[in-house]
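A.B. asks: Listed below, chain by chain, are the residues.
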Amino acid sequence: MKPLPAKTPLRIPSLLACAAILLAPALAYVDDAMSFAYEAANPYAEKGWIIREDAWGGDLGQGEKKAVTAQLFRGNSYTFFLATDVETASLRVNIYDAEGNLAESKSWQRGPFAYAEIKPRATGTYYLVVEVISSPEERTGWALVYGFHR
Amino acid sequence: MLYLSPSPSEICLTLRTTFRLLLIFGACAHGLFASEPPAKKIDLSQFPAQTVESVVVPVPSEVFAVLDQMGNPNWRAELGPKKSFGATTDRAQDALLLGTVIADGFIAVEAEDSERVKEIGRNVLTLAEAINVRKSVVARSNSIVEKADAREWDAVRREFDGALQDVNQAMAELNDDQLAQLVSLGGWLRGTEALTSIVEDKYTSERAELLHQPLLVDYFLKQLDVMSPRLRRNELVGKIRGSLGRIDPLVSKASGEDIKPAAVTEIHGITSAMVKLIRPTAD
Chain A
1 MKPLPAKTPL
11 RIPSLLACAA
21 ILLAPALAYV
31 DDAMSFAYEA
41 ANPYAEKGWI
51 IREDAWGGDL
61 GQGEKKAVTA
71 QLFRGNSYTF
81 FLATDVETAS
91 LRVNIYDAEG
101 NLAESKSWQR
111 GPFAYAEIKP
121 RATGTYYLVV
131 EVISSPEERT
141 GWALVYGFHR
Chain B
151 MLYLSPSPSE
161 ICLTLRTTFR
171 LLLIFGACAH
181 GLFASEPPAK
191 KIDLSQFPAQ
201 TVESVVVPVP
211 SEVFAVLDQM
221 GNPNWRAELG
231 PKKSFGATTD
241 RAQDALLLGT
251 VIADGFIAVE
261 AEDSERVKEI
271 GRNVLTLAEA
281 INVRKSVVAR
291 SNSIVEKADA
301 REWDAVRREF
311 DGALQDVNQA
321 MAELNDDQLA
331 QLVSLGGWLR
341 GTEALTSIVE
351 DKYTSERAEL
361 LHQPLLVDYF
371 LKQLDVMSPR
381 LRRNELVGKI
391 RGSLGRIDPL
401 VSKASGEDIK
411 PAAVTEIHGI
421 TSAMVKLIRP
431 TAD
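Order-wise, the sequence lines are chains A and B. The opening residue of the first sequence carries number 1 in my numbering; numbering runs sequentially from there. The opening residue of the second sequence carries number 151 in my numbering; numbering runs sequentially from there.
One or more of the hints may lead you astray.
25 angstroms max Cα-Cα, derived DSS-like pairs, lysine-lysine [said to hold, decoys possible]:
1) B:190 <-> A:65
2) A:106 <-> B:191
3) A:106 <-> B:190
4) B:426 <-> B:233
5) B:372 <-> A:65
6) B:285 <-> B:233
7) B:190 <-> A:119
8) B:403 <-> B:191
9) A:106 <-> A:65
10) A:119 <-> B:191
11) B:426 <-> B:190
12) A:119 <-> A:65
13) B:426 <-> B:232
14) A:65 <-> B:191
15) A:47 <-> A:106
16) A:119 <-> B:403
17) B:372 <-> B:285
Hints in this document: simulated from the structure, not taken from any laboratory.
Excised from the complex, chain A in its bound form:
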């Protein structure tokens, strides 16, 4: 798993076009997942959240979890958007602090989309636990994007 290239945070259509071109050769399985994740983030961008140009992604089997580590700063608010291109799959993302305590202020999951939000109580390391709850596919591609505001 590694950060995926993307372009232009707040201009989502151009971002999708760039992302599609950039990801096509090697990462086609997360290409759509990333565009889904950016689409989910779009309304937040319109509300003034700064959506990062990078995305993180990979694939998981059903019931599998993966933790992505993040440096978050107290004083900012963060939103994380998780998506897959497998339309009948079900995913979720939750945020835990460095001691393993659930730290998010809000989260939801609906089918191929999931969301979590946090206003960190302390600056430091957090874990974004990504999970494929169910999926008809053996491996389910996923992508995670995030935004922040002060």
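Given chain A, work out where chain B should sit, using these hints.
C.D. replies: Okay, now just chain B, sitting in the frame of chain A:
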């Protein structure tokens, strides 16, 4: 009258987009629900090591967004005298140098110094040329100049964030990922030098908490350790590796513990020395 009917692929695209939008709006409209509530606590050691392999490295704007809420530091003093940096004969040094100059851009934005921002935007272009990624940052550089003229500071910040990401991406495409890491590291070092100076100037435990970044220090150390033998043999890279190892224990406080003023001063001393090594012509 000519009538163009949509092709099957266009219909598919439309249906697919509609489906996506329905899912997104459905999720938003129906609000919060989950199949079962998430665990209140997890044992992070249960995650096999290979699952915790990716790190979300923050963009500089995330740190500066917090600093905005902490009074009005003397950013002009942090910016130092006017200076443009030319390319060297060492690509590793050029990559580190580029990172420090991008960090200078953020400091100039904080100081709201549009002339310096524009100079830095042009300097980014010169250094990007030295590591073969000029093309990827031309648009950013122009945009930085344009937005600095208009004094649109948030937009300038986003362009500097974008420049850093564009450089990283272009270098990855050139299979120069390791040099891209050096760009990020250079930016982090210069940013931390300025940040520690600001914290030292008016110490509060809240300001010092911004330095609690063990994940990033550990990440950079790991990146340096897996670099090619050629880069690891590079004298500058070797010195930075050694110094970064000294910062690691200083930023790794236990939960609830403050980073003390003495530690802030020490981190500042180490990062200043490293920045001087990267750009010895600065003085």
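A.B. asks: Give a verdict on every hint.
C.D. replies: Do the hints match the structure? See the list:
Restraint check: the Cα-Cα separation between residue 190 (chain B) and residue 65 (chain A) comes to about 16 angstroms, which is no more than 25 angstroms; the hinted pair holds. Distance restraint check for residue 106 (chain A) and residue 191 (chain B): the Cα-Cα separation of roughly 16 angstroms lies within the 25 angstroms cut-off, and the hinted pair is therefore satisfied. Distance restraint check for residue 106 (chain A) and residue 190 (chain B): the Cα-Cα separation of roughly 13 angstroms lies within the 25 angstroms cut-off, and the hinted pair is therefore satisfied. The suggested pairing of residue 426 (chain B) with residue 233 (chain B) holds, with an alpha-carbon distance near 13 angstroms, which does not exceed 25 angstroms.
Among the hinted pairs, residue 372 (chain B) with residue 65 (chain A) is consistent with the structure: their alpha-carbon atoms are about 23 angstroms apart, no more than 25 angstroms. Annotation: proposed proximity of residue 285 (chain B) to residue 233 (chain B) holds, straight-line Cα distance about 23 angstroms (limit 25 angstroms). Note on residue 190 (chain B) and residue 119 (chain A): the hinted pairing holds, with a Cα-Cα distance of about 17 angstroms set against a maximum of 25 angstroms. Note on residue 403 (chain B) and residue 191 (chain B): the hinted pairing holds, with a Cα-Cα distance of about 21 angstroms set against a maximum of 25 angstroms.
Distance check on the hinted pair: residue 106 (chain A) and residue 65 (chain A) sit about 19 angstroms apart at the alpha-carbon level, within 25 angstroms; holds. Restraint check: the Cα-Cα separation between residue 119 (chain A) and residue 191 (chain B) comes to about 18 angstroms, which is no more than 25 angstroms; the hinted pair holds. Note on residue 426 (chain B) and residue 190 (chain B): the hinted pairing is violated, with a Cα-Cα distance of about 46 angstroms set against a maximum of 25 angstroms. Pair hint residue 119 (chain A) plus residue 65 (chain A) holds up; C-alpha atoms about 23 angstroms apart against a cutoff of 25 angstroms.
This hinted pair checks out: residue 426 (chain B) and residue 232 (chain B) have alpha carbons roughly 15 angstroms apart, not beyond 25 angstroms. About 15 angstroms separates the Cα atoms of residue 65 (chain A) and residue 191 (chain B), which keeps this hinted pair within 25 angstroms; it holds. Between the alpha carbons of residue 47 (chain A) and residue 106 (chain A) the distance comes to roughly 17 angstroms, so the proposed pair stays at or under 25 angstroms and holds. Of the pairs offered as hints, the one joining residue 119 (chain A) and residue 403 (chain B) holds, with about 20 angstroms between alpha carbons and a cut-off of 25 angstroms not exceeded.
With a CA separation close to 30 angstroms, the supplied pair residue 372 (chain B) and residue 285 (chain B) exceeds the 25 angstroms bound.
Checked against the numbered hints above, the structure violates hints 11, 17; every other hint is satisfied.
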